[in-house]
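Trainee: Chain residues, written in single-letter form:
2 protein chains.
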Amino acid sequence: MNESIDLLLNHRSVRQFEDRPLTREQKETIVSCAQAASTSSFIQAYSIIGVTDKEKKRKLAELAGGQAYVEENGHFFVFCADLHRHEMIGSMENKNVVPSIESTEKFMVALIDTALAAQNAAIAAESMSLGICYIGGIRNKLEDVCELLQIPSRVLPLFGLAVGYPAEMTEKKPRLPINHIYHENEYRQNEEEDQEQLEMYNQIISDYYLERTKGMRNDTWTSQMATMLEKQSRMYMKEFVKKIGMDRI
Amino acid sequence: MNESIDLLLNHRSVRQFEDRPLTREQKETIVSCAQAASTSSFIQAYSIIGVTDKEKKRKLAELAGGQAYVEENGHFFVFCADLHRHEMIGSMENKNVVPSIESTEKFMVALIDTALAAQNAAIAAESMSLGICYIGGIRNKLEDVCELLQIPSRVLPLFGLAVGYPAEMTEKKPRLPINHIYHENEYRQNEEEDQEQLEMYNQIISDYYLERTKGMRNDTWTSQMATMLEKQSRMYMKEFVKKIGMDRI
Numbered sequence: 001m002n003e004s005i006d007l008l009l010n011h012r013s014v015r016q017f018e019d020r021p022l023t024r025e026q027k028e029t030i031v032s033c034a035q036a037a038s039t040s041s042f043i044q045a046y047s048i049i050g051v052t053d054k055e056k057k058r059k060l061a062e063l064a065g066g067q068a069y070v071e072e073n074g075h076f077f078v079f080c081a082d083l084h085r086h087e088m089i090g091s092m093e094n095k096n097v098v099p100s101i102e103s104t105e106k107f108m109v110a111l112i113d114t115a116l117a118a119q120n121a122a123i124a125a126e127s128m129s130l131g132i133c134y135i136g137g138i139r140n141k142l143e144d145v146c147e148l149l150q151i152p153s154r155v156l157p158l159f160g161l162a163v164g165y166p167a168e169m170t171e172k173k174p175r176l177p178i179n180h181i182y183h184e185n186e187y188r189q190n191e192e193e194d195q196e197q198l199e200m201y202n203q204i205i206s207d208y209y210l211e212r213t214k215g216m217r218n219d220t221w222t223s224q225m226a227t228m229l230e231k232q233s234r235m236y237m238k239e240f241v242k243k244i245g246m247d248r249i
Numbered sequence: 001m002n003e004s005i006d007l008l009l010n011h012r013s014v015r016q017f018e019d020r021p022l023t024r025e026q027k028e029t030i031v032s033c034a035q036a037a038s039t040s041s042f043i044q045a046y047s048i049i050g051v052t053d054k055e056k057k058r059k060l061a062e063l064a065g066g067q068a069y070v071e072e073n074g075h076f077f078v079f080c081a082d083l084h085r086h087e088m089i090g091s092m093e094n095k096n097v098v099p100s101i102e103s104t105e106k107f108m109v110a111l112i113d114t115a116l117a118a119q120n121a122a123i124a125a126e127s128m129s130l131g132i133c134y135i136g137g138i139r140n141k142l143e144d145v146c147e148l149l150q151i152p153s154r155v156l157p158l159f160g161l162a163v164g165y166p167a168e169m170t171e172k173k174p175r176l177p178i179n180h181i182y183h184e185n186e187y188r189q190n191e192e193e194d195q196e197q198l199e200m201y202n203q204i205i206s207d208y209y210l211e212r213t214k215g216m217r218n219d220t221w222t223s224q225m226a227t228m229l230e231k232q233s234r235m236y237m238k239e240f241v242k243k244i245g246m247d248r249i
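Just so you know, the protein sequences line up as chains R and Z, in that order.
Residue 85 in UniProt numbering sits at position 85 of the first sequence, and the numbers go up by one each step.
Residue 71 in UniProt numbering sits at position 71 of the second sequence, and the numbers go up by one each step.
Keep in mind that the hints were calculated from the coordinates and are not lab data.
A few of these clues could be false.
Repeated chains share a single entry, so a pair holds when one copy, or any two copies, can fit it.
No farther apart than 27 Å at their CA atoms in a straight line, the calculated lysine-lysine pairs in the BS3-like style are these [unchecked claim]: (1) Lys95 to Lys173; (2) Lys231 to Lys95; (3) Lys54 to Lys172; (4) Lys95 to Lys57; (5) Lys173 to Lys214; (6) Lys238 to Lys141; (7) Lys59 to Lys141; (8) Lys56 to Lys172; (9) Lys214 to Lys54; (10) Lys231 to Lys59; (11) Lys238 to Lys214; (12) Lys242 to Lys231; (13) Lys173 to Lys56; (14) Lys243 to Lys231; (15) Lys231 to Lys173; (16) Lys141 to Lys242.
Note that the coordinates shown come from a computational prediction; the quantities given were computed from them, not determined experimentally.
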């Protein structure tokens, strides 16, 4: 065990921040760490938009579903998969890159690149005793988010990252059993074993919620997942992504 | 600056490893750190397959394009976006989750979840003085990779992660200028400024290659990108992803 592993294992999302903005140096360190992450074939297919304008933050919070911590934090980053600059590079270098950047493969590459960078940003922030929360809610209304942040085509805002000085203590949420997530040499398909593991995990999660809510919430992981997934959300995504010129071919 | 930031900023990919396998404890620490990453709505939409079988590693290396370090390393992880268990959960809980898990939105969620976990794994490994290299090459022939690792539908291998004791010293690769990647309040669209930044960066990359190859390689970032993107690669991806039941609607 070392300091970094300790940091990784102790992650918890923070949803309440002090009213204290990050310094320019803190922001630059976080972005530099994001950029230091691995990138597929050196493609660097992302952009990061820091939002400081109060009115824009208020609007973003509203679009993301009304969470106060989108508006109230030390800094708010929006991580975007970005193949816009690569289209520009195609013109600069006089090469037809369009089929490539419209492919599902490069869509995946851009998403992965962006997420690797973001996770580095999250860890950098946490290492400075800041708290973080990923905000998938910005995908509720991407058309409006893109207009608000003047985002061009081939750029897809994936999630926000709220960062700041924690104003609450939160608990670590137990993860799936390691042997449910981790396989060796082949994907283990054993329905009986899987169900046993899930039931064991359900018990852990149920205890976690009961304790955390003083008996008010009784929920299992599988029921939580099934309820969430039964509801079809953001079903406009396929059309939207295609419209902005990604995942087309 | 703290120890973790130092670690993040000093990342470089390692492509030559000592012949010394990771211990069970090292592997478990790496996977536990992966699991500790943020996950969208707690969905945990990934699986990790460790490959230890020599013949399977040899085959994977071949499929990935013949890189020796896929075969020769301390351990080889395959990170998979996974909505297979969520389909199973739907049946367990008697809820129709299929439209949800076939949506582009959940495809994105699964990719992002997997990448966040993988980056935690990479950092955990590096914090233990191990080296890492992401292997996108496994996407060359996913049909074969899925067969080799007996991967069911709704599970998409995204990349490998080779981990081990470094047998080479590599250099940090300079990233795009921070003000090219980072915007405030709106996506800055200024073609002239962008081109200036790219030309400045081209000079940095050109110097980097010249020095590293003792004058043998003279290349700029934009020409490298345009050449790579002009070539259409893995164009089967859209059909493949659809076939396994993802990114369909």
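Trainee: Hints first: check each against the structure and report whether it holds.
Mentor: Hints, one by one, checked against the model:
1. Lys95 to Lys173: between (48 Å within a copy, 25 Å between copies)
2. Lys231 to Lys95: between (44 Å within a copy, 10 Å between copies)
3. Lys54 to Lys172: neither (31 Å within a copy, 37 Å between copies)
4. Lys95 to Lys57: Classified as neither: same-chain Cα gap 39 Å, cross-chain 37 Å, threshold 27 Å.
5. Lys173 to Lys214: Close inside one copy (16 Å), not across copies (51 Å); limit 27 Å.
6. Lys238 to Lys141: So Lys238 and Lys141 pass the 27 Å test inside a copy (13 Å) and across (25 Å) alike.
7. Lys59 to Lys141: For Lys59 and Lys141, the Cα distance is within 27 Å only inside one copy (11 Å; across copies 44 Å).
8. Lys56 to Lys172: neither (31 Å within a copy, 36 Å between copies)
9. Lys214 to Lys54: Result: close neither inside a copy nor across copies, 36 Å intra and 51 Å inter.
10. Lys231 to Lys59: within (25 Å within a copy, 41 Å between copies)
11. Lys238 to Lys214: Neither, since 41 Å and 47 Å both go past 27 Å.
12. Lys242 to Lys231: both (23 Å within a copy, 21 Å between copies)
13. Lys173 to Lys56: The answer is neither: 31 Å in one copy and 35 Å across copies each exceed 27 Å.
14. Lys243 to Lys231: both (24 Å within a copy, 23 Å between copies)
15. Lys231 to Lys173: So Lys231 and Lys173 pass the 27 Å test inside one copy only (23 Å; across, 44 Å).
16. Lys141 to Lys242: Result: close both inside a copy and across copies, 15 Å intra and 25 Å inter.
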